[in-house]
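What follows is the residue order along each chain.
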Amino acid sequence: MCVGLPGKVEKIKDGMAIIDAYGAKRQVSAELLEDLMPGDYVMVHAGVAIAKITSDDDEELDELFKDEK
Amino acid sequence: MSSETLDLARDIISNYSGRTLKIMEVCGTHTHQIFKYGIRKLLSSDISLISGPGCPVCVTPTGFIDEAVMLALEKNATIATFGDLVRVPGSEQSLALARSKGAKINIVYSPLDAVEYAKNNPDEEVVFLAVGFETTTPSAALAVKNAKEKGISNFSILGANKTMMNAYRMLKDSADAFLYPGHVCAITGLKEYDELKDEGIYGVVTGFTPKEILGALAMTVKKLEKGEAFEENCYKRVVTYEGSPSALKLIEETFDSCDSEWRGLGIIKDSGLCLKKKYSDFDARKKFNLPEITGHPNPHCRCGEVLQGKCTPKDCKVFGKGCTPEHPIGACMVSGEGACSAFYKYGGDF
Ligand code: SF4
Chain C
0 MCVGLPGKVE KIKDGMAIID AYGAKRQVSA ELLEDLMPGD YVMVHAGVAI
50 AKITSDDDEE LDELFKDEK
Chain F
0 MSSETLDLAR DIISNYSGRT LKIMEVCGTH THQIFKYGIR KLLSSDISLI
50 SGPGCPVCVT PTGFIDEAVM LALEKNATIA TFGDLVRVPG SEQSLALARS
100 KGAKINIVYS PLDAVEYAKN NPDEEVVFLA VGFETTTPSA ALAVKNAKEK
150 GISNFSILGA NKTMMNAYRM LKDSADAFLY PGHVCAITGL KEYDELKDEG
200 IYGVVTGFTP KEILGALAMT VKKLEKGEAF EENCYKRVVT YEGSPSALKL
250 IEETFDSCDS EWRGLGIIKD SGLCLKKKYS DFDARKKFNL PEITGHPNPH
300 CRCGEVLQGK CTPKDCKVFG KGCTPEHPIG ACMVSGEGAC SAFYKYGGDF
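Protein chains in written order, with numbering that gives the first Met the number 0: chain C, 0 to 68; chain F, 0 to 349.
Extracted from the complex, chain C is given alone in its bound form (with noise of 0.2 Å):
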């Protein structure tokens, strides 16, 4: 239950979203997300999108083992 599900948001529409998660769509809402625009990418938990998605990259490691080489 408590697995995340990532997806590109496709339209909004009254509080709610529909998104494109790995082909499939799904509608979810889009209360908790102020701002949220087509083709962002969010973060959905049992059925509520509950947060954006900044990269799809996970490059900030890199940044982070600068210190520790």
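If you're looking for bench data, these hints aren't it; they were derived computationally from the structure.
As the structure is a computational prediction, the values presented were derived from the model and not from experiment.
For each residue, glycine too, the CB sits at the ideal point set by N, CA and C.
Heads up, a few of these hints could be off.
In silico EDC-like pairs for lysine to aspartate or glutamate, Cα to Cα no more than 16 Å straight-line [unchecked claim]:
#  : chain 1 : residue 1 : chain 2 : residue 2
1  : C       : K7        : C       : D39
2  : F       : K149      : C       : D13
3  : F       : K171      : F       : E241
4  : F       : K210      : C       : D61
5  : F       : K144      : F       : D282
6  : F       : K196      : F       : E230
7  : F       : K144      : F       : D280
8  : F       : K100      : F       : D65
9  : F       : K235      : C       : D61
10 : F       : K248      : C       : E33
11 : F       : K285      : F       : E115
12 : F       : K74       : F       : E124
13 : F       : K147      : F       : E115
14 : C       : K51       : F       : E241
15 : F       : K277      : F       : E252
Over the 12 Å line for every Cβ pair with chain C, so calculated as not near, a few chain F residues [stated by the list, open to error]:
#  : residue
16 : G226
17 : R236
18 : G294
19 : P298
20 : G346
Starting from the known structure of chain C, arrange chain F with the ligand on it as the hints suggest.
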């Protein structure tokens, strides 16, 4: 993550040698990803990985299942629930068994779907089983808020929502550091964790890809070696320092903090959420006048110790014999995120 960083991370966790480092992952999805990608096999023998109480189904006490069964069979309520809860054994029976006796159990993906069902079926009393941590609580809060706004009075929740902060405090001595759950932190932000750092509780927020988990483990090892206080965010693409102010506000407007029972850990002070007075019509316990129920888990089950890292599933006498995913005796074997189910599925020879 560059391949250079990935090599470095792998090197750090494989070649560490020194005092045994106990690292606890507190998210059931992390537990499964770690097994699935064989990350345990890469770890130096001086690193001990413990699967903590981060699977909401696993920490939900037996008495909660008993309450749900009573609602379904004696109060004639339609139960709406995440699928994982259906096969969790209660003191006498699971919801699956109750269903075979005629109880109406609907599996939903979201509590919002349960509200929709209630709206479309006004003759039924629909109760959503609200379990979960900060990640799923906003959806339960939205469901209650929507039901109230739309005047859907045949909807209520049986609540067992939990918050992680005091669980970390309780488990402080079980681990040197935590792999913090990425999606709980997406809601709370790293801000809440400043307090823990001041109290000597350390950890690294991580995501769910093998690279993210490897990177976070390596970061944890490095930080522990340095011996300084730390909290680190290795999942910045989703987790911010502030978290989700709108989700936190919604939770605060809907719930009050309360003490809560965790399977195996007992009552943890201020680790639960109960509906605010203005939403008491949506509280199934009040609506159906439920009595206080004390659950009786199977005495063979060592879930409680597994959840605290005091033993591994393989130390449980019935693991893989009396207790399998097909015939689970305890919640840790039922849920796809439970430690016993992960050990069973992936062999557990680690
Ligand atoms: S193997 Fe089954 S009975 Fe044993 S601790 Fe795990 S869930 Fe409980």
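Hint check results:
1. C:K7 to C:D39: Status holds; Cα separation ~6 Å.
2. F:K149 to C:D13: Holds. K149 (chain F) to D13 (chain C) sits at ~15 Å (cutoff 16 Å).
3. F:K171 to F:E241: Not satisfied, since the Cα-Cα distance of roughly 24 Å exceeds 16 Å.
4. F:K210 to C:D61: holds, 11 Å
5. F:K144 to F:D282: Distance ~12 Å between K144 (chain F) and D282 (chain F) Cα, so the pair holds.
6. F:K196 to F:E230: holds, 7 Å
7. F:K144 to F:D280: Between K144 (chain F) and D280 (chain F) the Cα gap is close to 12 Å, so the pair holds against 16 Å.
8. F:K100 to F:D65: Holds - the C-alpha atoms of D65 (chain F) and K100 (chain F) are around 15 Å apart, at most 16 Å.
9. F:K235 to C:D61: The given pair, whose Cα atoms are some 12 Å apart, holds under the 16 Å limit.
10. F:K248 to C:E33: Judged against 16 Å, a Cα distance of about 13 Å means the pair holds.
11. F:K285 to F:E115: The given pair, whose Cα atoms are some 22 Å apart, is violated under the 16 Å limit.
12. F:K74 to F:E124: holds, 9 Å
13. F:K147 to F:E115: Judged against 16 Å, a Cα distance of about 13 Å means the pair holds.
14. C:K51 to F:E241: holds, 13 Å
15. F:K277 to F:E252: OK: K277 (chain F) and E252 (chain F) at ~10 Å, within 16 Å.
16. G226: About 15 Å separates G226 (chain F) from the closest Cβ of chain C, which puts it past 12 Å; holds.
17. R236: violated, 5 Å
18. G294: Label holds. Min Cβ-Cβ 20 Å, cutoff 12 Å.
19. P298: Holds: least Cβ distance 27 Å, greater than 12 Å.
20. G346: holds, 22 Å
Violated hints, in rising order: 3, 11 and 17; the structure is consistent with all others.
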